[in-house]
Amino acid sequence: MDKLLTLLEDNARMPNEQLAVMLGKSEEEVAAAIAGYEKDGVIHGYKTLIDWEKAGRDLVTARIEIRVSPKKDRGFEEIAETIMEFDEVETVYLMSGGYDLALTVTGKTFKDVALFVAHKLSPLDSVLSTATHFVLRKYKERGFRVVGEERDERSVTLL
Amino acid sequence: MINYETILSNKAKTIKPSGIRKFFDIAAEMDDVISLSVGEPDFKTPWQIRDAGIRSLEKGKTWYTANAGLAELKVEICRYLKNHFDLSYDPKTETMVTVGGSEGIDICIRALVNPGDEVIVVEPCFVSYAPIAELTGGKVVPIATKAENHFRLTASELRAAITDRTKLLILPFPNNPTGAVMRREHLEAIAEVLRGTDIMVLSDEIYAELTYGDERHVSFAELDGMWERTILINGFSKAYAMTGWRLGYACGPAPIIKQMLKIHQFAIMCAPTTSQYAAIVALRECDDQIVAMRDQYDMRRRLLVSELNKLGLTCFEPEGAFYVFPCIRSTGLSSDDFCRQLLETRHVAVIPGTAFGESGEGFVRVSYSYSISHLMEALRRIGAFLKDLKSKQTEESV
Chain Z
1 MDKLLTLLED NARMPNEQLA VMLGKSEEEV AAAIAGYEKD GVIHGYKTLI DWEKAGRDLV
61 TARIEIRVSP KKDRGFEEIA ETIMEFDEVE TVYLMSGGYD LALTVTGKTF KDVALFVAHK
121 LSPLDSVLST ATHFVLRKYK ERGFRVVGEE RDERSVTLL
Chain W
1 MINYETILSN KAKTIKPSGI RKFFDIAAEM DDVISLSVGE PDFKTPWQIR DAGIRSLEKG
61 KTWYTANAGL AELKVEICRY LKNHFDLSYD PKTETMVTVG GSEGIDICIR ALVNPGDEVI
121 VVEPCFVSYA PIAELTGGKV VPIATKAENH FRLTASELRA AITDRTKLLI LPFPNNPTGA
181 VMRREHLEAI AEVLRGTDIM VLSDEIYAEL TYGDERHVSF AELDGMWERT ILINGFSKAY
241 AMTGWRLGYA CGPAPIIKQM LKIHQFAIMC APTTSQYAAI VALRECDDQI VAMRDQYDMR
301 RRLLVSELNK LGLTCFEPEG AFYVFPCIRS TGLSSDDFCR QLLETRHVAV IPGTAFGESG
361 EGFVRVSYSY SISHLMEALR RIGAFLKDLK SKQTEESV
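Going down the list, the sequences are from chains Z and W. Positions 1 to 159 (the numbering used here) are the ones given, in order, by the first sequence. Positions 1 to 398 (the numbering used here) are the ones given, in order, by the second sequence.
Chain Z on its own, in the form it takes in the complex (with noise of 0.2 Å):
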């Protein structure tokens, strides 16, 4: 049923009994799937894609590149789940390539994100080194273009 998963991804505020007429399911059926896809972790939750900019906070984001030394037996777990726990960061990611975890990371200003970075990640232990790169601007965001709108093009010129 992973069409249902399809859908929810791009309309999570779709009700289920329209959500049942599109995929030819009872109301039933769809509340269940979505119900145990919510106990077993598939759906993690729902959020709201909020342009803060627009709403007129000042947010910064931050993508910051580490190299760390993994633990013995533990790997890159260990660290990883250190730096979860921050509430400025958002997302936690171990990479292939040049360094090890990627994070992106959150403040009201680029003195909060620095100050991130010197007070709390960079005296980590395992932390080797660090490169913050400050977003300029956000173009396309989890599927959703965020500059400027886009305009249906299409002109009907006979039917």
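Be aware that one or more of the hints could be misleading.
[Stated by the list, open to error] Listed next, the in silico DSS-like pairs over lysine-lysine satisfying Cα-Cα at most 27 Å (straight line):
| no. | chain 1 | residue 1 | chain 2 | residue 2 |
| --- | --- | --- | --- | --- |
| 1 | Z | Lys138 | W | Lys310 |
| 2 | W | Lys258 | W | Lys310 |
| 3 | Z | Lys3 | W | Lys44 |
| 4 | W | Lys310 | Z | Lys3 |
| 5 | Z | Lys25 | W | Lys392 |
[Claimed, not checked] A few chain Z residues that don't get close to chain W, going by computed Cβ distances all over 10 Å:
| no. | residue |
| --- | --- |
| 6 | Lys3 |
| 7 | Ala35 |
| 8 | Tyr37 |
| 9 | Val60 |
| 10 | Thr61 |
| 11 | Arg63 |
| 12 | Phe76 |
| 13 | Glu78 |
| 14 | Glu85 |
| 15 | Phe110 |
| 16 | Ser126 |
| 17 | Arg154 |
These aren't lab readings, by the way, just hints derived from the structure by calculation. Nothing here was measured: the structure is a model prediction, and the numbers come from that model. The beta-carbon is built from N, C-alpha and C at its ideal position, and this holds for glycine as well.
Could you slot chain W onto chain Z? The hints should help.
Just chain W, lined up with the frame of chain Z:
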């Protein structure tokens, strides 16, 4: 001063302009119109198809192709028709590439119809058949399909329309605007009427890939004895979301394709070269994308049918294309008034059924080639419109 009225072709002058123009002029003035009126996919052409077009330009493939189209493309078209619909055509003599399905329709009618010949047009339908038949001097004989038959052509309706002057039957299924499809048994009944006659069939199957449910689309040319009388029109616009590339094809018996090709080469030389290179990749690599787009349309279709029925605009379940054709008689309005009032008060654009033939009166065409959130907003507005209308009508009756 030249009086153009006296010098213009009488035939051109008598063609009626498309009746929906005025709606779009109104809609163009509004800034928050939610449109459900467009007759083309909302998807962009899949990336690898676009890329193939770009690459052909980079390589400098900017010349005309052979009149009938690139040999490689015709081979792919025939392979596709064999795999998808079990149809056999010779790429060299029975297949030609056209500028959209529209050109195929045009040259097919022009290659077959003599002045006075009768052309049966199954309505409601795409708007171009009748004007082209009339330009050719043919006499258009409309058959109005009925909602109670799910807008399918029936054998008895066809039999009643046939005379000894009947030259051509235009069979437009899956249908724009009704979304009706003809399943094998329905086509078989039509074939039975035609067997033993010399009546030709233009089967416009441009929406063939957009058929919903477990059964695949059946081409009219598949049926016993029908291949020899059928000119199959298909193309890339709807299945591959390639409307702007203007690319279609026609397949049929060699003697007919030969005459169509003659008109094509004098009128237009060849179909766009870039589009032809792109289409080769479409046919070779994009079966999965067709299915993905069809799945999307199918979900929207179910949503619209269910919600419109709930609002009291009954619609039979369309099984093809990307349109629903709800009946609006319960509102007491004509199709034209319904569309005008809906546009003026709630800024939602749908198309009156009458734009597709007189038999479309009492219906409107609603396209679902739009995102789900767009459809939901449109449905909300239509619901509000119907509520207003009801309270207004109650007030008046008091």
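Hints, verified against the model:
Only pairs whose Cα atoms come within 27 Å are accepted, and lysine 138/Z paired with lysine 310/W is rejected, the gap being roughly 41 Å. Between lysine 258/W and lysine 310/W the alpha-carbon distance is near 51 Å, which puts this suggested pair outside the 27 Å criterion. Distance hint between lysine 3/Z and lysine 44/W is fulfilled; the C-alpha atoms sit about 21 Å from each other, no more than 27 Å. Distance hint between lysine 310/W and lysine 3/Z is fulfilled; the C-alpha atoms sit about 24 Å from each other, no more than 27 Å.
Distance hint between lysine 25/Z and lysine 392/W is unfulfilled; the C-alpha atoms sit about 37 Å from each other, more than 27 Å. With a minimum CB-CB distance of about 7 Å to chain W, lysine 3/Z fails to clear the 10 Å threshold, and the non-interface call is violated. Residue placement check: alanine 35/Z keeps its beta carbon more than 10 Å from all beta carbons of chain W (closest about 21 Å). Listed as outside the interface, tyrosine 37/Z is consistent with that label: its C-beta sits roughly 18 Å from the nearest C-beta of chain W, beyond the 10 Å cut-off.
Separation of valine 60/Z from chain W is adequate, the least Cβ-Cβ distance of about 30 Å exceeding the 10 Å criterion. For threonine 61/Z, the condition that its CB be more than 10 Å from all CB atoms of chain W holds, with the nearest at approximately 26 Å. Interface exclusion of arginine 63/Z from chain W stands, the closest Cβ pair being 26 Å apart, more than 10 Å. Remark: the non-interface label on phenylalanine 76/Z is consistent with the geometry, its nearest Cβ contact in chain W lying 35 Å away (cut-off 10 Å).
Non-interface status of glutamate 78/Z relative to chain W is upheld: no Cβ of that chain comes within 10 Å, the nearest being about 41 Å off. Every Cβ of chain W is farther than 10 Å from the Cβ of glutamate 85/Z; the closest lies at roughly 36 Å, confirming the non-interface assignment. With a least CB separation of 35 Å from chain W, phenylalanine 110/Z remains clear of the 10 Å interface cut-off, as annotated. Under the 10 Å C-beta cut-off, the non-interface status given to serine 126/Z relative to chain W holds; the minimum distance is some 41 Å.
Taking the minimum C-beta to C-beta distance to chain W, about 5 Å, the non-interface status of arginine 154/Z is violated against the 10 Å cut.
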